Amino acid sequence: MIKRIFRLFNSKESLKIIKSSSLIALIISIIICPFWYQVFAFKDLQVEVSLQAPNSEYIKVYWNNPQAYPNAYKKILVNPVKSKSWDISIEPLAKKNPLSAGYEIQITDINTPQTKVDWNQVFTNVKGTEWQLVNFQWSSQKKSLLWNNSQNPASPLDIQLEGGDLTLSFQRSPRSGMLKIKANNKSEIVDLFSHRFLKSESITFPANALGNEEIKSYKFTIPYDSWQKIQFISDDNQPLFIKQIKVNNQNISDLNSDIIVLPFFSIQFWNSLVYTIISSLISFIWMTLLFISIINIWQGRKNQKLGLISYIILVSIAVSGFWLLVVYPAVMTPDTLSQWQQALRNKYEVWHPPILAILMHLTQYFVKTPSLLILLQGSIFWGAIIYLIYQVTNNSKTFLIGSSFIILLFPLWLYSGTIVSNTWMTAFALLSAAFLIRAKYKQRKISFILSIIFLSVAVMFRREVALLFIILIFMYFFIYWRQQKLYQRIIICCLIPILILLPARILLYLPNINAQRDFPFGQLLLHQYVGTIINSEDKISSSQISSEKQEIDKRFGDGTFQRFIDHYICYSENYIRIYQPQESPLLGNRLNDEDQTFILNKYTKSLSNYPLGFLKHKMCNFAYVLQVPNLGYEGWTLLENWPAMEAQLNQLGIQSNSRFPSIMEWYKKTLINSFDHPILSLLFRHYIFLIITLLITIISLIYKKEKLSITGSFALVYALAHLIADSYGHWRYLLLSYIFCWITIIATIDILTSPKVQDSVLFDSKEE
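Going by numbering that gives the first Met the number 0, the first residue of the sequence shown is number 0, and it counts up by one from there.
Please note that the accuracy of each hint is not assured.
Okay, derived cross-link-like pairs now, BS3-like style, lysine-lysine, Cα gap no bigger than 27 Å in a straight line [stated by the list, open to error]:
#1 K441 with K484
#2 K74 with K228
#3 K74 with K115
#4 K304 with K441
#5 K396 with K15
#6 K228 with K245
#7 K242 with K73
#8 K198 with K181
#9 K83 with K181
#10 K615 with K538
#11 K444 with K704
#12 K346 with K142
#13 K553 with K59
#14 K604 with K553
#15 K74 with K668
#16 K484 with K346
#17 K181 with K115
#18 K59 with K185
#19 K95 with K179
#20 K703 with K444
If you are wondering where the hints come from, they were derived from the structure by calculation, not from laboratory data.
Here the structure is a predicted model, which means the values were calculated and not measured.
Build out the structure end to end from the sequences listed, making use of the hints.
Dropping the structure here:
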């Protein structure tokens with residue numbers, strides 16, 4: 000490999016570049032050796048211990064310093080609690096968090112290690128009160144109990160249960176209120192408000208442990224950490240006695256305290272060391288090639304064999320691989336977890352476009368975790384960003400600095416390590432824009448064709464990106480209007496949206512795809528109808544409201560209209576799908592053609608009669624998408640505890656096993672702290688960057704700066720798609736616009752700092 004590098008250069012300057020690049024790469028490779036050792040160090044310790052802890056129910060076994068890492072422990076049950084009676088009372092309170100939009104209390108589970116409540120039986124006892132039994136897919140029983148009646152006095156929910164530690168699980172949401180829990184002689188007041196939907200909250204009331212003087216043996220596995228010790232801590236610091244302990248089949252002789260110093264594991268050490276040396280050598284070669292590529296680009300020799308292409312490949316794979324190791328094997332969303340299960344069965348639904356699940360199925364032939372898919376996703380994602388930055392910059396230094404800045408933009412890091420269709424869609428839309436710019440400046444039809452193809456692939460992942468075909472049609476007229484006759488341009492402009500939309504439609508007819516359960520567009524229209532009615536209350540008479548109520552209840556069941564009114568939130572139609580009483584049809588999942596037609600008629604009628612109410616609903620919804628009122632940045636299982644989902648991931652063998660746990664913890668803290676920071680939180684506000692981009696785009700159109708016009712238009716038109724259709728207030732929905740906004744800003748800086756030259760791209764004819 001080194002000889003090949005030398006053959007690429009024959010001048011003294013080139014040799015100097017190689018030597019300096021190699022020296023820097025060598026120093027960095029030595030510095031990062033400990034990180035590689037951490038990646039390949041054996042992770043698990045097989046522990047066998049004989050101990051006595053008569054006054055404790057549990058023993059916590061710490062594999063890292065408890066003061067610095069209070070959660071780095073495994074809980075071992077040493078004295079199981081005999082069954083005891085729990086008298087439980089749950090009372091919704093007539094007060095709430097000032098930020099909450101309601102008083103809802105949603106209970107998903109109440110259990111002990113031995114027993115759990117049966118919601119059907121509980122609902123029988125409270126039927127006729129304000130409590131409702133609703134379907135809820137993330138509960139272990141697929142049901143939950145819901146209370147939402149701030150007008151009437153609260154009806155306490157009384158339950159009796161047998162068993163050990165009592166755990167109550169709730170769902171927090173923007174509409175959640177407060178409640179008082181009594182468990183025997185213990186009580187607690189809980190505020191369930193959360194800015195996010197589907198956020199779990201669990202409260203545990205411990206039972207008393209029974210004394211046991213026996214010495215018992217326990218076997219368990221814990222992670223191996225650099226602390227090189229194990230510490231045993233009992234409940235309430237009760238005394239314990241360790242008689243014997245084995246770690247990886249090696250006896251530990253020093254048992255004078257509850258802190259055990261681990262021995263030297265020679266075989267595991269040498270294996271880890273060999274892998275570390277090999278990885279460091281690969282890193283050295285990788286960074287040498289990267290630094291040579293950077294120097295060549297910096298000095299304007301972008302057409303060298305180690306230049307632009309090598310830079311994009313090396314950087315994108317390195318950044319993707321790094322975040323893969325941090326979140327290994329992947330961060331998954333509820334939707335992608337469902338798609339992973341579809342991929343395992345090789346049976347697909349079209350609630351979400353099935354292309355991502357099909358890609359999952361292909362990678363499952365090689366690995367049993369999503370790690371390979373994450374590596375591919377991140378590499379394409381970062382590569383597309385860097386390539387588009389290259390296309391919009393004239394100055395090579397601006398390109399290198401701009402691409403480095405984007406890589407360090409921490410709101411984007413999560414989307415490199417999370418399997419989510421928005422990342423794939425964004426990557427291919429970026430490539431579409433890059434080749435559209437290339438088509439404009441190189442006048443090559445193949446580039447325009449590639450732009451259409453990449454946008455078509457983006458539509459396969461997310462439907463809303465299809466609106467960007469408007470930009471391609473406009474640019475086609477702009478680029479080729481002198482080269483073709485009018486009728487030819489009209490025909491091709493008609494073909495462009497067909498070519499973009501058709502592949503996504505054809506995909507639905509592939510084998511093993513169930514096209515029956517499509518996305519609930521009727522549900523979206525129903526949400527807009529409800530929003531229009533609520534925001535037009537001053538324009539609608541009581542008789543009209545009564546008429547609307549009768550028609551909705553006749554179609555979907557008594558009380559449906561009032562439930563929609565009570566649970567309405569402008570930025571999420573999710574309540575229509577979640578809060579469905581047991582006896583009512585599940586709207587969103589089982590809307591037949593007549594229901595769809597009925598909803599469409601109600602929607603169009605309300606829109607024509609109350610346009611101002613419709614506009615108020617839209618502005619409220621779009622404000623949340625733009626992150627104006629509050630941040631809706633999801634962390635899924637990375638930032639939040641999600642026991643039900645984590646249990647399903649564990650069953651599939653997808654346990655979180657970060658190779659850089661310290662970096663992962665730092666990243667979590669950085670994200671969480673930045674949400675409330677007065678300055679850093681501005682980095683998440685979509686509306687700020689869209690306003691800046693709108694101004695830049697208007698100016699660029701006036702001064703005919705086409706590259707700025709294209710990237711700005713991609714950001715603005717895609718945001719417009721979310722104004723047309725209701726969206727959740729999730730940050731990722733404008734991920735594409737966010738990246739295009741930053742690239743537009745980088746391109747603007749490039750124009751302002753570069754000499755006044757003809758607006759062009761850095762490519763020349765040799766790179767075609």
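Distance restraint between K198 and K181, which requires alpha-carbon spacing of 27 Å or less
23 Å, holds
Need the status of pair K242, K73: alpha-carbon distance at most 27 Å?
Judged against 27 Å, a Cα distance of about 19 Å means the pair holds.
Against the 27 Å threshold, does the CA-CA distance of K484 and K346 hold or violate the hint?
Violated. K484 to K346 sits at ~47 Å, over the 27 Å cutoff.
Holds or violated: K74 and K228, Cα atoms, limit 27 Å.
It holds: about 16 Å lies between the C-alpha atoms, which stays within 27 Å.
Pairwise hint evaluation, K181 against K83, where the allowed Cα distance is 27 Å at most
Satisfied, since the Cα-Cα distance of roughly 16 Å is no more than 27 Å.
Pairwise hint evaluation, K142 against K346, where the allowed Cα distance is 27 Å at most:
26 Å, holds
Does K95 pair with K179 here, judged by a C-alpha cut-off of 27 Å?
12 Å, holds
For the pair we were handed, K74 and K668, check the Cα-Cα distance against 27 Å.
25 Å, holds
Holds or violated: K703 with K444, Cα cutoff 27 Å?
22 Å, holds
Does the alpha-carbon distance linking K396 and K15 stay inside the 27 Å limit?
Satisfied, since the Cα-Cα distance of roughly 20 Å is no more than 27 Å.
Is K441 within 27 Å of K484, Cα to Cα?
21 Å, holds
Between the alpha carbons of K553 and K59, is the straight-line distance 27 Å or under?
Judged against 27 Å, a Cα distance of about 58 Å means the pair is violated.
Going down the numbered hints, you'll see the structure goes against 13, 16, while the others check out.
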